[in-house]
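Visitor: One letter stands for each residue in the lines below.
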Amino acid sequence: MSDHDSPITQHIPRLRRYARALTGDRSAADDLVQDTLERALSRFHLWRQGSDLRAWLFTIMHNIFVNQARARARHQHETLDDPGADGLHARDPNWAELRDIDDALARLPGEQRAVLLLVGLEQFTYEEAARVLDIPLGTVMSRLSRGRERLRAMLDGNPRVATLKVVK
Amino acid sequence: MSAALVTEAELHAYVDGALPAARAAAVEGYLSGHPEDAARVSAYREQIALLHREYDAVLEDPVPARLRTLRPRRARPLLRYAAVIAWFALGLAAGWQLHGYYSDRQIESHQWARRAAIAHVVYSPEVRHPVEVGADQEAHLVRWLSKRLGTTLKVPHLGGLGYSLVGGRLLPGDRGPVAQFMYQDGKGQRLTLYVRVNPDDSRETAFRFAQERGVGVFYWLDRKLGYALSGEVEKRELLRIATGVYRQLNP
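Chains A and B are the protein sequences, given in the same order.
Counting from 1, one number per residue, gives the positions in the first sequence under our numbering.
Counting from 169, one number per residue, gives the positions in the second sequence under our numbering.
Fair warning: there could be bad hints in the mix.
[Stated by the list, open to error] With the Cβ distance kept under 8 Å, some of the chain A side facing chain B (calculated, not the full set): (1) Arg48; (2) Thr139; (3) Met141.
[As the list claims (entries may be wrong)] Cut-off 25 Å, straight-line C-alpha distance, at most; resulting in silico cross-link-like pairs (DMTMM-like, lysine to aspartate or glutamate): (4) Lys355/B x Glu149/A; (5) Lys355/B x Asp103/A; (6) Lys355/B x Asp35/A.
Simulated from the structure, these hints should not be mistaken for laboratory data.
This one's a predicted model, so the numbers in the text were calculated from it and none came from an experiment.
Ideal Cβ placement from N, Cα and C applies to all residues, glycine included.
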């Protein structure tokens, strides 16, 4: 793939941004983008012309991310998602040491993080996010609601993050 | 409209700018009387701003070379060539054996269907260049192929059957140029319609079917032109499409 001969190329910066926020790690993010692009190129004939290429690419990235996270979880004997949405304070007593939003995101369950980023950062509509993640619209809304509330609890309780507040 | 009826989902839609103006106004009214929810809304907006502050820089980052020079990850080209070679071998063997049983005409049409199937196997998995001229230049495609085949071609529209035109290409046939049109459904399943000029333009035949290694071909002669529709789909599905093609060409 050279720079200008694929419509996929123009989506690389946004795939990188999403991957960076999702993984919290620069090189893991680019690995994820690379896997996504390779798979997209090998399946490009499956993309329906005229449909949303960006959504298709994000769907591929999401599937790869979930599969890799599952594989990691199996190796480490850890569960991937949602260590108890309501038990944040009890389960995560160190959240007062959060350095920044990146840290806070990393402490969200992966499924809530994905929704928050697709909607808040990548500006997908709720319907598009539901298709990318292959979940019902109602699940998008509940994950968004729980994720935002959880993030708020983390950020509110942290003076260091609070100093990063954007002046409006 | 009651301000008390603002839902949790609407609060988020308000944050994300996804509410119609009337509902947005209702939410604003509600928030003015509910400071806790107003604080949530402003915290959520802040989260979005923080996300952009933290991650937007990635957009400006130069894309690393390893992401700019990718190849599709697959072993498919080899498999494809193997499939093509297998088809040719099969054709040779079949042609040899059939020779004793069938008239030259029948052998000719068998061979022709096989060529259509081979062309399908070669081009339908193509990722980057499935067609020479895309459906966005359909008028040009039809003019060009008509000119090369020396007769007026019509390209059937199969949207009603769930397949849209991808485009077409020119191929070498036994007796001259052949046209191939490619179609694709929503799942990426591809069909190809192979069109040639018949050596004997008075003939019409019924649909005939051939199948080998998962590729089915319905083929028929219709006076001046011969058609072969190939696809890796069930026979019944392929017949449904072939019938649609025939009806469009013979309204």
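Visitor: Each of the hints needs a verdict: does it hold here or not?
Guide: Do the hints match the structure? See the list:
no.: 1; hint: Arg48; in the structure: holds, 6 Å
no.: 2; hint: Thr139; in the structure: violated, 12 Å
no.: 3; hint: Met141; in the structure: holds, 5 Å
no.: 4; hint: Lys355/B x Glu149/A; in the structure: violated, 38 Å
no.: 5; hint: Lys355/B x Asp103/A; in the structure: violated, 39 Å
no.: 6; hint: Lys355/B x Asp35/A; in the structure: holds, 22 Å
This entry does not satisfy hints 2, 4, 5, going by the numbered hints stated previously.
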